[in-house]
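Chains P and A, in that order, give the protein sequences. In terms of this note's numbering, the first sequence has 910 at position 427, counting the first letter as 1, and numbering is strictly consecutive. In terms of this note's numbering, the second sequence has 299 at position 283, counting the first letter as 1, and numbering is strictly consecutive.
Don't read these hints as lab results, they were simulated from the structure. Errors might be hidden in some of the hints.
Said to hold, decoys possible - Here's a subset of chain A near chain P, in silico, CB distances under 7 Å, partners left out:
hint : residue
1    : Ala184
2    : Leu190
3    : Thr192
4    : Gly193
5    : Glu198
6    : Ala205
7    : Val206
8    : Met211
9    : Leu216
10   : Thr223
We treat Cβ as the ideally placed atom computed from N, Cα and C, and that holds for glycine.
Residue strings, one per chain:
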Amino acid sequence: MKLTRKYYDVKDIVWADKTEFKNNVLSICRQDLQSQVKPFMKNIIDIDFEIVKPGQNTRIIHLLDTICPMIKTSGEAKQYSGFFGDGITVGSGQTNMYRGFTIMESAPLPWEDDSASSGLLYPRDAIMDMTGPVAGFTPFNETLNLVIVYDLAEGKSSAEYDNDIRLCALKISEFLASLTIGLPADEEEVFCNKEVNDKLPNVVFVWQCQNQGVYANTFLYGHPIDNLVPVLLNPNEMLDGCVVSGNYVWPAFKVPTYLHANHPILLELYKKHGHEINFKGVIFSRSHNPSNWHKTRSAEFCVKIARELQADGLIMAWEGGGNAAVDGMLTIQSAEKRGIKTSTVTFEFGGKDGTEGVLLVDDVPEANAVVSGGSIEKAYTLPKVDRVVGGKRMRLNKEMGGYFPLAHEPITFETTTQLYLSGNQSAHGKLFAEQY
Amino acid sequence: MKKLKALYYINQFFAGIGGEEKADVGFSVLEQNKGPAIGIVKYWNGEMEVAKVIACGDNFINNDDNFQSILPEFDKLIEEIKPDVFIAGPAFNAGRYGVACAKVTDYFRKKGIPSVTGMYYENPAVKMYVKDNYIVSTPETAAGMRKTLPVLAKLALKLAKGEKVLAARFEGYLPTGHRYNEYHEDIAAVRVVDMLLAKLKNKPYQTEVPLRNFDLVKPAAKLNETDKIKVALITTGGLVPMGNPDKLKQAFSVDYGKYDITGLTKVSKGHYESIHGGYDTTIADEDPNRLIPLDAAKQLEKDGEIFEVINYFYSTCGVGTNVENATEIGSRIAADLKKQQVNAAFLTST
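Make the full structure from the sequences, and use the hints.
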């Protein structure tokens with residue numbers, strides 16, 4: 484597969500009477516966007532938009548997903564394939580995408596028992612700050628963000644809300660990306676892993692995503708992955724958006740669609756392809772398998788594919804907390820036992836100063852190359868902000884009866900679980916636990 | 017400018033008193049600099065000097081009574097010299113010297129003197145003292161002295177000046193276990209790929225999350241079908257007789273309880289309760305056999321001739337209990353079971 488990505492740098496976004504992309508400035512007309520998504524608003528009363536820019540003293544709350552606006556400009560397959568048509572294989576031809584610009588979804592998904600997923604799998608609204616002490620937890624403090632704020636109809640099911648929210652955002656993403664068609668790109672990049680050098684080691688990337696039901700979900704070519712056995716993907720398929728997030732449970736750990744389509748580990752492996760390694764592919768699997776039996780089976784499948792690809796090295800990464808860590812560690816163990824060397828990245832515990840309890844929720848003796856994604860057991864105080872996007876109040880701690888503080892006020896969190904992308908397991912960030 | 021002052025500790029060997037035969041020699045304040053205390057000074061560029069070198073025999077100081085007896089001498093030196101930093105060793109992989117250096121370093125640190133020592137990472141003293149003390153990483157033997165002294169000197173000077181001590185990887189001390197969130201120079205994706213490449217090329221690399229040295233416990237041999245089974249019932253679910261007569265802790269356990277059940281055919285509600293601090297104990301209290309399945313075990317005893325339940329059950333709380341204490345509790349229970357020729361056990365966990 485050979486994919487050409489054409490990058491269009493967005494330097495600014497402005498409101499306008501006409502939606503267009505000119506001189507690297509994206510002008511947006513609200514009504515244009517609203518008319519694009521009308522057909523998909525079956526369970527949404529109204530939709531509004533906010534522009535958030537780097538350096539603005541702004542907090543975004545009820546944050547669900549972040550999408551990379553792109554459009555395929557050749558072949559019959561569409562970007563984010565499977566959502567508006569058949570799941571035609573992506574990863575070849577040409578794709579236009581914006582750089583420095585994202586589309587975000589924000590909505591307080593209902594907590595009522597009849598719509599929220601069961602037990603601990605209720606939607607936890609992610610929080611991110613564009614400036615201040617936690618801005619560095621997410622890469623999106625450096626991008627221009629168009630936040631879609633949804634006003635949800637009452638009494639609908641979680642699956643209905645989930646579907647509409649995603650389709651609206653993907654539609655807006657496509658519409659805005661379509662403005663680049665025919666324009667000269669700021670940069671082009673070609674991705675192809677076909678040519679291999681026999682003298683270089685073969686490396687695969689195992690990417691394991693969350694699936695525990697609605698609100699804790701991942702889509703592959705438009706379908707939830709609950710029945711997925713580990714499958715081989717060409718890295719280009721992910722670059723074209725074959726994996727889409729539907730995960731709203733743990734803000735620290737969930738991986739936005741933007742990072743599936745621009746996976747930092749995948750991009751880094753591509754950089755090394757052809758001169759330091761042969762990047763042989765992505766093994767995509769479901770984490771949160773229900774029992775040790777299922778987990779072992781899944782780990783064995785992942786490693787079997789790696790062996791078929793004659794992998795010498797394997798990078799293991801997963802979305803989620805303890806449950807997913809077990810799947811990841813079993814995969815590492817299975818690989819190392821068969822002579823495939825591994826490295827991995829994970830968040831850690833350790834309490835206030837790193838000395839309390841164990842650092843990892845699960846580990847195996849074979850996991851001897853572990854990159855720290857930072858400790859989630861550290862307290863952070865978010866300062867007062869001028870502006871909040873997405874609502875007036877935060878919604879916290881449903882399991883303890885709920886706590887709804889005013890969102891612009893300062894607040895201290897004892898752990899980082901509520902803070903968007905602080906778990907750093909897609910390896911996007913610089914946050915890590917330093918040893919003293 | 018007035019020079020900063022270091023107080024330096026070495027053993028009988030580096031003090032030139034003698035080798036193993038002099039390991040019992042007591043505390044002394046040396047007349048002149050000896051051993052590493054000579055070599056280290058040149059790295060301070062005149063900013064610091066060794067005010068005094070003190071020494072003990074390795075055997076002498078490792079005896080606790082002896083150690084206690086020389087503490088007043090240490091206090092006197094602190095009073096007299098007012099050292100800006102205390103330095104001990106380096107001890108490399110020498111066990112007794114290592115413990116001595118770490119112990120003395122720990123004492124001076126607690127007295128408010130910034131302190132540092134140095135040794136090989138496998139020196140047994142490291143495990144005992146590294147959490148609260150700066151121990152510079154050294155090679156295994158004294159052949160590594162030349163490599164170690166500049167690192168030790170640099171950190172000692174920094175401590176004496178009261179400057180901020182950077183992370184372990186920058187200063188060269190062994191990680192203390194303290195970990196704080198910071199921002200790395202590179203994103204995690206770059207590091208995880210680089211780490212794999214180093215591993216593939218058999219080049220050295222450093223895991224960022226340390227390995228937990230796992231203890232492998234060999235399972236006991238399988239019983240033969242014809243063996244007589246003498247079985248014990250154990251729980252980490254915190255079951256105790258009502259009122260918790262042994263005052264077992266409900267978390268962070270350091271001990272276990274052993275309770276006589278002679279003549280009972282079950283553990284009854286109201287007579288036993290769970291004191292475990294880590295789960296809702298309601299249904300355990302409703303039927304304590306859920307933790308100690310004495311009812312089922314007694315039934316098996318009645319049904320088959322090869323099955324016998326011993327007259328005690330064992331209980332502790334597996335919540336927040338560290339591995340060291342858990343291992344110790346487990347070994348004591350196992351030893352007690354062996355005395356009674358127990359060859360099988362049911363252990364319930366919650």
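Results for each hint:
1. Ala184: Hint holds; Ala184 (chain A) Cβ to chain P Cβ min 5 Å, cut 7 Å.
2. Leu190: violated, 9 Å
3. Thr192: holds, 6 Å
4. Gly193: holds, 5 Å
5. Glu198: This hint holds: Glu198 (chain A) lies near chain P, its Cβ roughly 4 Å from the closest one there, short of 7 Å.
6. Ala205: holds, 4 Å
7. Val206: The hint holds - Val206 (chain A) has a Cβ within 7 Å of chain P, the shortest such distance being about 6 Å.
8. Met211: Hint holds; Met211 (chain A) Cβ to chain P Cβ min 4 Å, cut 7 Å.
9. Leu216: Interface hint status for Leu216 (chain A): holds (5 Å vs cutoff 7 Å).
10. Thr223: Holds. Min distance 5 Å.
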